[in-house]
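Chemist: Listed below, chain by chain, are the residues.
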Amino acid sequence: MTLWAGVRAGARGVIWYLKGLLGEDAYEKYVAHHAASYETDATGLDRAPHPLLTEREFWRDQTDRQDKNPQGRCC
Amino acid sequence: MGAASTMSEGTTQEPTALKRIPHDLAVALDPEARDAHDRQWTPLKIIIWSVISLLGGLSWVMLAVVRGETVNAIWFVFAAICTYLIGYRFYSKFIEKHIVRPDDRRATPAEYKADGKDFAATDRRVLFGHHFAAIAGAGPLVGPVLAAQLGYLPGTIWIIVGVVLAGAVQDYLVLHFSMRRGGRSLGQMARDELGVIGGTAALIATLVIMVIIVAILALVVTNALAESPWGVFSVGMTIPIALFMGCYLRFFRPGKITEISIIGFVLLIAAIVGGGMVNGSEWGQTYLLLDKVTIAWGIIIYGFIAAILPVWLLLAPRDYLSTFMKIGTIGMLAVAIVIIRPEINVPAVSGFATTGTGPVVAGTLFPFLFVTIACGALSGFHALIASGTTPKLIQKERQTRFIGYGGMLMESLVAIMALVAALSIDRGIYFAMNASPALTGGTVQGAVAFVNGLGLTGVNLTPSMLTDMATNVGEESIVSRTGGAPTLAVGLSHIMQQLIGGTSMMSFWYHFAIMFEALFILTAVDAGTRVARFMLQDSLGNFFPKFKNTSWRPGAWAATAIMVAAWGAVLLMGVTDPLGGINTLFPLFGIANQLLAAIALAVCMAIVAKRGLFKYLWVVALPLGFASVVTISASFLKIFSTTPGIGYFAQNRAFANALAAGETSFGTAPNVLAMEAVVRNTMVQGVLSIIFVVLSIIVILTAIQATVRAYRQRSNATSEDDAVQSQTYAPAGFIMTPPEKVLQAQWDALPAEKKIKVTGH
Numbered sequence: 001m002t003l004w005a006g007v008r009a010g011a012r013g014v015i016w017y018l019k020g021l022l023g024e025d026a027y028e029k030y031v032a033h034h035a036a037s038y039e040t041d042a043t044g045l046d047r048a049p050h051p052l053l054t055e056r057e058f059w060r061d062q063t064d065r066q067d068k069n070p071q072g073r074c075c
Numbered sequence: 001m002g003a004a005s006t007m008s009e010g011t012t013q014e015p016t017a018l019k020r021i022p023h024d025l026a027v028a029l030d031p032e033a034r035d036a037h038d039r040q041w042t043p044l045k046i047i048i049w050s051v052i053s054l055l056g057g058l059s060w061v062m063l064a065v066v067r068g069e070t071v072n073a074i075w076f077v078f079a080a081i082c083t084y085l086i087g088y089r090f091y092s093k094f095i096e097k098h099i100v101r102p103d104d105r106r107a108t109p110a111e112y113k114a115d116g117k118d119f120a121a122t123d124r125r126v127l128f129g130h131h132f133a134a135i136a137g138a139g140p141l142v143g144p145v146l147a148a149q150l151g152y153l154p155g156t157i158w159i160i161v162g163v164v165l166a167g168a169v170q171d172y173l174v175l176h177f178s179m180r181r182g183g184r185s186l187g188q189m190a191r192d193e194l195g196v197i198g199g200t201a202a203l204i205a206t207l208v209i210m211v212i213i214v215a216i217l218a219l220v221v222t223n224a225l226a227e228s229p230w231g232v233f234s235v236g237m238t239i240p241i242a243l244f245m246g247c248y249l250r251f252f253r254p255g256k257i258t259e260i261s262i263i264g265f266v267l268l269i270a271a272i273v274g275g276g277m278v279n280g281s282e283w284g285q286t287y288l289l290l291d292k293v294t295i296a297w298g299i300i301i302y303g304f305i306a307a308i309l310p311v312w313l314l315l316a317p318r319d320y321l322s323t324f325m326k327i328g329t330i331g332m333l334a335v336a337i338v339i340i341r342p343e344i345n346v347p348a349v350s351g352f353a354t355t356g357t358g359p360v361v362a363g364t365l366f367p368f369l370f371v372t373i374a375c376g377a378l379s380g381f382h383a384l385i386a387s388g389t390t391p392k393l394i395q396k397e398r399q400t401r402f403i404g405y406g407g408m409l410m411e412s413l414v415a416i417m418a419l420v421a422a423l424s425i426d427r428g429i430y431f432a433m434n435a436s437p438a439l440t441g442g443t444v445q446g447a448v449a450f451v452n453g454l455g456l457t458g459v460n461l462t463p464s465m466l467t468d469m470a471t472n473v474g475e476e477s478i479v480s481r482t483g484g485a486p487t488l489a490v491g492l493s494h495i496m497q498q499l500i501g502g503t504s505m506m507s508f509w510y511h512f513a514i515m516f517e518a519l520f521i522l523t524a525v526d527a528g529t530r531v532a533r534f535m536l537q538d539s540l541g542n543f544f545p546k547f548k549n550t551s552w553r554p555g556a557w558a559a560t561a562i563m564v565a566a567w568g569a570v571l572l573m574g575v576t577d578p579l580g581g582i583n584t585l586f587p588l589f590g591i592a593n594q595l596l597a598a599i600a601l602a603v604c605m606a607i608v609a610k611r612g613l614f615k616y617l618w619v620v621a622l623p624l625g626f627a628s629v630v631t632i633s634a635s636f637l638k639i640f641s642t643t644p645g646i647g648y649f650a651q652n653r654a655f656a657n658a659l660a661a662g663e664t665s666f667g668t669a670p671n672v673l674a675m676e677a678v679v680r681n682t683m684v685q686g687v688l689s690i691i692f693v694v695l696s697i698i699v700i701l702t703a704i705q706a707t708v709r710a711y712r713q714r715s716n717a718t719s720e721d722d723a724v725q726s727q728t729y730a731p732a733g734f735i736m737t738p739p740e741k742v743l744q745a746q747w748d749a750l751p752a753e754k755k756i757k758v759t760g761h
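Here the protein sequences come in this chain order: A and B. Its first residue numbered 1, the first sequence is counted upward by one per residue in this note's numbering. Its first residue numbered 1, the second sequence is counted upward by one per residue in this note's numbering.
Worth double-checking, as some hints may not be accurate.
Listed next, the in silico BS3-like pairs over lysine-lysine satisfying Cα-Cα at most 25 Å (straight line) [claimed, not checked]:
| hint | chain 1 | residue 1 | chain 2 | residue 2 |
| --- | --- | --- | --- | --- |
| 1 | A | Lys68 | B | Lys117 |
| 2 | B | Lys546 | A | Lys19 |
| 3 | B | Lys113 | A | Lys68 |
| 4 | A | Lys68 | B | Lys546 |
| 5 | B | Lys256 | A | Lys19 |
If you are wondering where the hints come from, they were derived from the structure by calculation, not from laboratory data. Given the structure is predicted, the values throughout are model-derived calculations rather than measurements.
Chain A on its own, in the form it takes in the complex (with noise of 0.2 Å):
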């Protein structure tokens, strides 16, 4: 039990370094970010800065910034 215990937590440890490394928690983090941006707010001027981003959207905004902000590869 305690083996199969551990090779779950280390799959999963796994695919959490592949999605990190490959950017796909990048929607999460945002709203993470958001929630808690608005909490913060909401005890002081109470309004959300920015209307959340659906997931879809989020994207299509995150490769279109990347149009507009390229960044080098290395040789």
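Got chain A sorted already, so can you dock chain B onto it with the hints?
Modeler: Positioned in the frame of chain A, the structure of chain B alone reads:
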């Protein structure tokens, strides 16, 4: 010590308002507890570091002193890893303590500018992989292969020692300084620190260097794909595969990156296998057996289209594939080298080191070793990455050592493995592959005659060795496949087939390696063109304001066309060069890259001086001095040398004189047309060398001026962003230290609602 501490009081403006424990929990370790842990040498710690030191020392003895008939590849790996560990543990900590002086009480841009998109705190281990994937490309794979003609020792020493004292220092400092400035780019930092003249020179130099680097990377791919239907098919297939992945992510399942990357990877392998069938088919031989000029035009047209297409369609998906392949292949090669442990049958230092007559790249060990191997030891291009995306993603200040310094050590290890792969193949085959067609005539007989005529001991090349190898790797011929990529691919397939598949799998591994290199070179070409286009538009915008608007289509297309024309011209020049192309152009690539390093280090030196840390200025001045001496002397040799094989203008004069004398063939140029091409090419290369060296000297002089001024005035002027209180905590290195574990456990135990939320605005 007293002098240093009083100096630091006034200079690095200790932000006294910052709190270590702003709320419930500490955001930084107690400095005393942290240092006490570092200083505490437990018996286990002593044993571990003794073993590392002894093993490293033994490996260096095996490489440098024993030098038996053959030397085992495992010693290269041990010498490298042990030296890196020691450099990381001791030298980078020294730099951290005395120059970088990170402060975890201070929020990083990812915290105080957090927007959930461009500025987003990223786990240090993930960011390490991210940063490594962005800095490691074809450079560390190609340079060491070409430098292998000098013997195994010079390249090994330069890669390992160079990275510890120069390359990793540059990456670390640029990353940290950019992070302290909200992720500002190298160009902006140069302007801030060096003033208008130095800043402008740095900007122009960066633009020209970018063009040269893209051109030479494209030349490497061209040489690898010419006369190879298999390579053309499998690399060509990456375009539809990437387009499919792009559409999948855009319209079908947005954000499912891992899933589509795995699908893409499977398709990629299918394309490599399919390439083998195409290679055997008649239509493959008829339509895909292309010469260099055709391939070069294909890459130029591709480069233009790729750079104006939206990122989501081609660049982003191919980037995912490239990351996947990069990490996978490098890991695979490392495992294979450790298991197979190939014997290396190459002299420690070959005669070419002193005569400078090596057929692969001309020139003596000094200075040309240090420009042939740029990436892997010291690479200026990294400064552009370290002042780009990475500083905007760092969670805590102390992590820059692991990501900046540590990331570069990883790249250096890749360079060592590439060197081992190149050294493990037969030396005769190595020279037959890397001597230009001008020397071998491009035929098996010509190559055999040329290589055996070099008079190298222990080298006895036979025609069947070349034809057998060509058959095994599924190519028409392996003679004069210059550029480094095919040699590395032969080396990799030679090692991998011993692990999996035997000789029958060699052709698969060869084309796997070609695909792996072509993937990230094409990404670099595409991304480099885009970056250069933005830089050009920004500069043109000063004269024609309309160009500043980067979404103005005609302007974007015109600027892209100019940049593609610039690198395309250099590429075509290299492809058609009667002197061989890669051997005349590659030094320019290395010089350009090292001059960019000199510029980056010059900026760092000015910053360190302005912080008042004169006592430790040598940490930056040492690599800066070395890079300056190497590149300026290499440039001067390229400009002023009277040996035609080395000096561009000497070559130019020799051919011009021959033309004037009415000769119809000269040296390796068979006709007047080729002679005129040499005159033209050498003039362009010579002028480029002059531009580089003049710009770099301006930047270095302005940096020295800024340093002296800082010393005289003790001005403490800083261009850093204002310090902001941090509210979060994360450990610094890959493995948590015991004090870090304690604090991290406290943070983990904190109820979610009490965790301070990270907000940007």
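Chemist: Could you run down the list of hints and mark each one as holding or not?
Modeler: Now the hints, each set against the structure:
| no. | hint | verdict |
| --- | --- | --- |
| 1 | A/Lys68 to B/Lys117 | holds, 14 Å |
| 2 | B/Lys546 to A/Lys19 | violated, 40 Å |
| 3 | B/Lys113 to A/Lys68 | holds, 19 Å |
| 4 | A/Lys68 to B/Lys546 | holds, 16 Å |
| 5 | B/Lys256 to A/Lys19 | holds, 9 Å |
Hint check: a violation occurs at hint 2 only; the rest are consistent with the structure.
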